[in-house]
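**Q** Based on these hints, arrange chain A on the given structure of chain V.
There are 2 protein chains.
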Amino acid sequence: MTRVAACQVPIDIDDAEKTRRLVFESVAEAARLGARLVVLPELALCGSIFADATESTSRAEPADGTSVRFFAELSDAFDLVLVAGFCEVSGLDLPYNSAVVVDHGRVLAVYRKTHLWDFENELFTPGDVLPPVVETSVGAVAPLICYDLAFPEVLRSVALRGAQLIASPANWPDSDSPDVRPPEVSKAMAGAAINRVVVVVADRVGEERGRRWVGGSVICDHEGYRVAGPEFGVETVLVTDVDLDATLDKAISGRNHVFADRRTDLY
Amino acid sequence: MTRVAACQVPIDIDDAEKTRRLVFESVAEAARLGARLVVLPELALCGSIFADATESTSRAEPADGTSVRFFAELSDAFDLVLVAGFCEVSGLDLPYNSAVVVDHGRVLAVYRKTHLWDFENELFTPGDVLPPVVETSVGAVAPLICYDLAFPEVLRSVALRGAQLIASPANWPDSDSPDVRPPEVSKAMAGAAINRVVVVVADRVGEERGRRWVGGSVICDHEGYRVAGPEFGVETVLVTDVDLDATLDKAISGRNHVFADRRTDLY
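So the protein lines, in turn, are chains V and A.
Residue numbering for the first sequence follows the numbering used here, starting at 1 and increasing by one per position.
Residue numbering for the second sequence follows the numbering used here, starting at 268 and increasing by one per position.
Chain V with its partners taken away, still in its complex shape (with noise of 0.2 Å):
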């Protein structure tokens, strides 16, 4: 077994030093807990509630840049994976929404955001490459960065190509939901059944420029179970042991097997 992490962290996008000491302070604690892979939310640092397009490319950074030396720092220094958000630098008008994948201080990827949620198509240029599979200390991980989790062409491409967990930083708006599991979860919870993988969802939590995030993080087992999560509305880390060898055993009863079922011949 695998005890991984999601750190449901808010954020003061006027004060960066607070924001890096809550960081700080919630991957030390899911380390003192065992946790092997961390997972922070979308633009973990920086925020994403921008004025403007001015403000979003100000504040965009290289993936060799103060944020993405931080996130390697903090992995060298408890010995883990660490998947978090970052605004990057993108040589065009706007930056990208970026996810980067540090292990033990080593900078392993970095995955441009594919699908921008709303307000986002105004801040960010998105990426064209789908989302990498990544060999780590703890095994084959897939970023994602939140809306994505939507398409779940993304999900069945990343497991196609191998990948054991799915770590997702999100940033989830709240809303006047009447189910307090939003069907976010649910898509967590179904790409991990369908395609017998571990997610990882590290959501937003608190309040950011007057926009409230949900704090949904969940984490679901590869047969699609919540085993961690959600605790929506609060600070929290969720830490949990999921079990990575048996994502590689894609047969779920004598005669199925969530690969081989697929009917290539029709779609």
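Simulated from the structure, these hints should not be mistaken for lab results.
Every residue, glycine too, gets a C-beta built ideally from N, C-alpha and C.
Don't take every hint at face value.
[As the list claims (entries may be wrong)] Derived Cβ-Cβ restraints for the label pairs, each shown as a range:
#1 A:429 x V:32: 51 to 59 Å
#2 A:533 x V:248: 23 to 31 Å
#3 A:429 x V:93: 35 to 43 Å
#4 A:500 x V:231: 23 to 31 Å
#5 A:533 x V:107: 48 to 56 Å
[As the list claims (entries may be wrong)] From the structure, some residues in chain A lie toward chain V, with a derived Cβ separation under 8 Å:
#6 382
#7 400
#8 419
#9 454
#10 457
#11 492
#12 523
#13 529
#14 530
[Claimed, not checked] One-sided and incomplete, this derived list gives chain V residues near chain A with beta-carbon spacing under 7 Å:
#15 53
#16 186
#17 189
#18 190
#19 194
#20 266
#21 267
**A** Relative to the frame of chain V, chain A by itself:
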């Protein structure tokens, strides 16, 4: 709004008359409560725990046989659309596990299950055509059957072809689940949200030759929220109103659209 129902009925595989009476009473109750579309379980009248292929073959009927005529009569008598499973003669070694869509007494379509579950592989021939999208008196309906729901490719296909409501006869085998809501329910919720379609699953309940069924029928609205069920393990009729007009609008924010946002350049 359109009132729809899922009939969560038990079966006595060895007492056809009793089963027909249970199904009749369940559909009559749905009609009394105002349902315009009613879904029955997979293999609604004949059962599915067959001893062997000889028994499944002996129970098979053509699409104008006794079972489908019974469904047509129910649909005619109660002025509604009925989607129900039956065992269909195939002309091959093994019959099909099929679902029929009948509307006010008329047979509009027959779909043959394309993804067979476990022991079904020894009892049935898989269909070779994806579910049709059927224009009915309540809107565009796509019949899926049970394990089909585990393939988001199928839900995406019928949604792209205009389905407003996915009607899924099901027989979900019970297990020692660590969660009262099995992953199957999440697949229905996620499929509804991802495609902005209504999903109605009618699941079997009770015991059949020693096999216990979940009784996890559920109705999900076009945003993926459960609006009726599940009521695990009890004989029940789920009835609720759904907004089929809303399924025609695939926009989910001022700048997002569940179909247009797919990165068809990448997958």
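**Q** Confirm or reject each hint.
**A** Status of the hints after comparison with the structure:
Between residue 429 of chain A and residue 32 of chain V the Cβ separation comes to about 53 Å, which falls inside the hinted range of 51 to 59 Å. A beta carbon spacing of about 25 Å between residue 533 of chain A and residue 248 of chain V agrees with the range 23 to 31 Å that was offered as a hint. Distance hint check: the CB atoms of residue 429 of chain A and residue 93 of chain V are about 37 Å apart, consistent with the given range 35 to 43 Å. At roughly 28 Å, the beta carbons of residue 500 of chain A and residue 231 of chain V sit within the given window of 23 to 31 Å.
Our hint of 48 to 56 Å for residue 533 of chain A and residue 107 of chain V is violated, since their Cβ atoms are close to 23 Å apart. Proximity of residue 382 of chain A to chain V holds as hinted, the smallest CB-CB distance being about 6 Å (cut-off 8 Å). Given hint, residue 400 of chain A at the interface with chain V, is violated; its Cβ is 15 Å from that chain's nearest Cβ, farther than 8 Å. Interface restraint check for residue 419 of chain A: the shortest CB-CB distance to chain V comes to about 4 Å, inside 8 Å, so the restraint holds.
Because the smallest distance between the Cβ of residue 454 of chain A and any Cβ of chain V comes to about 5 Å, under 8 Å, the interface hint for this residue holds. Against a cut-off of 8 Å between C-beta atoms, the interface hint on residue 457 of chain A holds, since the closest Cβ of chain V lies about 4 Å away. This hint holds: residue 492 of chain A has a C-beta 5 Å from the nearest C-beta of chain V, less than the 8 Å allowed. About 6 Å separates the beta-carbon of residue 523 of chain A from the nearest beta-carbon of chain V, less than 8 Å, and the hint is met.
For residue 529 of chain A, the suggested interface contact is upheld, since its CB lies about 6 Å from the closest CB of chain V, less than 8 Å. Hint status for residue 530 of chain A: holds, given a least beta-carbon distance of 5 Å to chain V, under 8 Å. Taking 7 Å as the C-beta cut-off, the interface hint given for residue 53 of chain V is violated, the closest approach to chain A being about 14 Å. This hint holds: residue 186 of chain V has a C-beta 4 Å from the nearest C-beta of chain A, less than the 7 Å allowed.
Look at residue 189 of chain V: its Cβ gets to within about 4 Å of chain A, closer than 7 Å, so that hint holds up. A hinted interface residue such as residue 190 of chain V counts as satisfied when its beta carbon comes closer than 7 Å to some beta carbon of chain A; here the least separation is about 4 Å, so the hint holds. A distance limit of 7 Å between C-beta atoms decides the matter here; for residue 194 of chain V the minimum to chain A is near 6 Å, and the interface restraint holds. Interface hint at residue 266 of chain V: satisfied, since its Cβ lies 5 Å from the closest Cβ of chain A, which is below the 7 Å cut-off.
Interface restraint check: residue 267 of chain V against chain A, minimum CB-CB distance 4 Å, threshold 7 Å, status holds.
Violated hints, listed in ascending order, are 5, 7 and 15; each of the other numbered hints is respected by the structure.
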